[in-house]
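Student: Below are the chains, spelled out letter by letter.
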Amino acid sequence: MLPRTVLVAGAGLAGARTTETLRAEGFEGRVILAGDEPTAPYERPALSKGYLTGLKAEDELLLRPARFWKDAGIDLRLGQRVDSVDTSRRTAVLSTGEELAWDALVVATGARPRSLPFRAPRGVHTLRTLADATALRATLVPGARLAVVGGGFVGAEVASTAAALGLDVTMIEALAVPFERTLGPAVGRLLAERYRSRGVDVRVGATVTGFREDGSGSLTGVELAGGDVVCCDTALVGIGTAPTRDLLPERPSDRLYACGDVTASGGHWASAAAGGAAVARRILGLPPAPAQPSFFWSDQFGLRLQLVGETTRATDVRVDGCADTFVARYHDVRGRLVAALAANRPAEVARLRTELAHGPKTEAERRQDRLVPAACAFL
Amino acid sequence: MYRIEIDRSLCSGFGICAELAPEVIAVGPDGLAVIRVGLTDDPAVLEAAESCPMAAITVVAENAA
Numbered sequence: 000m001l002p003r004t005v006l007v008a009g010a011g012l013a014g015a016r017t018t019e020t021l022r023a024e025g026f027e028g029r030v031i032l033a034g035d036e037p038t039a040p041y042e043r044p045a046l047s048k049g050y051l052t053g054l055k056a057e058d059e060l061l062l063r064p065a066r067f068w069k070d071a072g073i074d075l076r077l078g079q080r081v082d083s084v085d086t087s088r089r090t091a092v093l094s095t096g097e098e099l100a101w102d103a104l105v106v107a108t109g110a111r112p113r114s115l116p117f118r119a120p121r122g123v124h125t126l127r128t129l130a131d132a133t134a135l136r137a138t139l140v141p142g143a144r145l146a147v148v149g150g151g152f153v154g155a156e157v158a159s160t161a162a163a164l165g166l167d168v169t170m171i172e173a174l175a176v177p178f179e180r181t182l183g184p185a186v187g188r189l190l191a192e193r194y195r196s197r198g199v200d201v202r203v204g205a206t207v208t209g210f211r212e213d214g215s216g217s218l219t220g221v222e223l224a225g226g227d228v229v230c231c232d233t234a235l236v237g238i239g240t241a242p243t244r245d246l247l248p249e250r251p252s253d254r255l256y257a258c259g260d261v262t263a264s265g266g267h268w269a270s271a272a273a274g275g276a277a278v279a280r281r282i283l284g285l286p287p288a289p290a291q292p293s294f295f296w297s298d299q300f301g302l303r304l305q306l307v308g309e310t311t312r313a314t315d316v317r318v319d320g321c322a323d324t325f326v327a328r329y330h331d332v333r334g335r336l337v338a339a340l341a342a343n344r345p346a347e348v349a350r351l352r353t354e355l356a357h358g359p360k361t362e363a364e365r366r367q368d369r370l371v372p373a374a375c376a377f378l
Numbered sequence: 000m001y002r003i004e005i006d007r008s009l010c011s012g013f014g015i016c017a018e019l020a021p022e023v024i025a026v027g028p029d030g031l032a033v034i035r036v037g038l039t040d041d042p043a044v045l046e047a048a049e050s051c052p053m054a055a056i057t058v059v060a061e062n063a064a
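Protein chains in written order, with numbering that gives the first Met the number 0: chain A, 0 to 378; chain B, 0 to 64.
Mixed in with the good hints there might be a few duds.
[What the hints assert, rightly or not] Pairwise CB distance ranges (calculated): (1) 33(B) - 118(A): 23 to 31 Å; (2) 204(A) - 2(B): 25 to 33 Å; (3) 85(A) - 33(B): 48 to 56 Å; (4) 29(B) - 87(A): 52 to 60 Å; (5) 85(A) - 2(B): 43 to 51 Å; (6) 29(B) - 69(A): 48 to 56 Å; (7) 130(A) - 27(B): 35 to 43 Å; (8) 33(B) - 244(A): 40 to 48 Å; (9) 222(A) - 2(B): 57 to 65 Å; (10) 28(B) - 92(A): 51 to 59 Å.
Please keep in mind that the hints were generated in silico from the structure rather than gathered at the bench.
Note that the coordinates shown come from a computational prediction; the quantities given were computed from them, not determined experimentally.
C-beta atoms are modelled at their ideal positions from N, C-alpha and C, and glycine is treated no differently.
With the sequences and hints as input, model every part of the structure.
Tutor: Next comes the structure, spelled out in structure tokens:
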């Protein structure tokens, strides 16, 4: 039986896409979308890209025009976090104190940035929300010194933006190269080379042991194991996220669904969007849409990186190209393509996705569709 | 009839649209989606729009008056 009321907790991309899909598939019951942020659902990826540089204004980040939600009959509750749920009575209490009844509950509460286990003085930032980005943006003034802790995508994009704005940027990476675990050492070396060529001081194999502050409690530096101190005015800590699981019960519950970063599905835009749509289809009893390879992109230091598929099962990486433009192909132990990363090769992406979506190719098959000959060898 | 629009500033070249609705959408030489026919009765465009990971495709149903 179809629910009469669907309550979606969390108004990020996954939650928003759930409600949109419910309506697009003809659901006529009540749809409530409640989130703790004061802004209508927006594009989080732009926070570390165009919004930080000032190219994109706040209203250009919105996923949908402001009137969309009302027109679609979606009851959007901004600044109203779902604080608790009762799965036996099927009720929820909002941060305003209001109690709501639901027949289906979608937990799309996202994730919070991880922080370092030290007291953070003023000037230490994380980046997840529009408010975080607005606070960080105010510190990105030419000549200022920025330390980026963690060589992940958010950190790299902020480093890129800051370097272009004329800041003095240091990246602090615990592993031997940035992205060593996610993209592999060969790609990591290419990216580190790119960052250095753009004036970033990339410190690898570096462990943060604490922050330094002045008498007024403002950040003056980041301390590294071994005694080095990276002097800075601002630090961005980009060491990953932890799912906001507060509303999820210990055991699966009837008519309770989850999607997006709260499911720790990789923290990627496309997986959150697909997850939201998939949950809406499950609620309505519709068959799942065909699965697509996961997809992610990042703009940094003049590179558009586009990643299709999952690198986690890769045991072998082959890179064609150089630090300005390359394609990395990731294979599993049996030689099957499991992921591909294109750097400034947008025209390759559709073909790589097709290859990933339509069955594994063997080594012999792959030889037949060699990539464009490499402009310069690497490795 | 369906009128389709593609926001090329959002398009990231995933290419699923061109595969699902090849009569209507193609991947251009720059790797981004291009519209082949702006007005169509091919329902595949609905699936193409839904499958776009960037939600870059808008489909508006128009009365064939």
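Student: So, for every hint listed, does it hold in this structure?
Tutor: Here is how each hint holds up against the structure:
1. The supplied range of 23 to 31 Å is broken by residue 33(B) and residue 118(A), whose beta-carbon atoms lie about 53 Å from each other.
2. Between residue 204(A) and residue 2(B) the CB atoms are about 55 Å apart, so this pair departs from the stated range of 25 to 33 Å.
3. Between residue 85(A) and residue 33(B), the C-beta spacing of about 51 Å keeps the proposed range 48 to 56 Å intact.
4. Checked against the given bound of 52 to 60 Å, the beta carbons of residue 29(B) and residue 87(A), roughly 55 Å apart, stay inside it.
5. Between residue 85(A) and residue 2(B) the beta carbon distance is about 46 Å. The supplied range of 43 to 51 Å therefore holds.
6. Between residue 29(B) and residue 69(A) the beta carbon distance is about 37 Å. The supplied range of 48 to 56 Å is therefore violated.
7. The supplied range of 35 to 43 Å is met by residue 130(A) and residue 27(B), whose beta-carbon atoms lie about 38 Å from each other.
8. About 42 Å separates the C-beta atoms of residue 33(B) and residue 244(A), a value consistent with the hinted range of 40 to 48 Å.
9. Distance hint check: the CB atoms of residue 222(A) and residue 2(B) are about 59 Å apart, consistent with the given range 57 to 65 Å.
10. For the pair residue 28(B) and residue 92(A), the supplied restraint of 51 to 59 Å holds, since their beta-carbon distance comes to about 55 Å.
In this structure, the hints that do not hold are numbers 1, 2, 6, in rising order.
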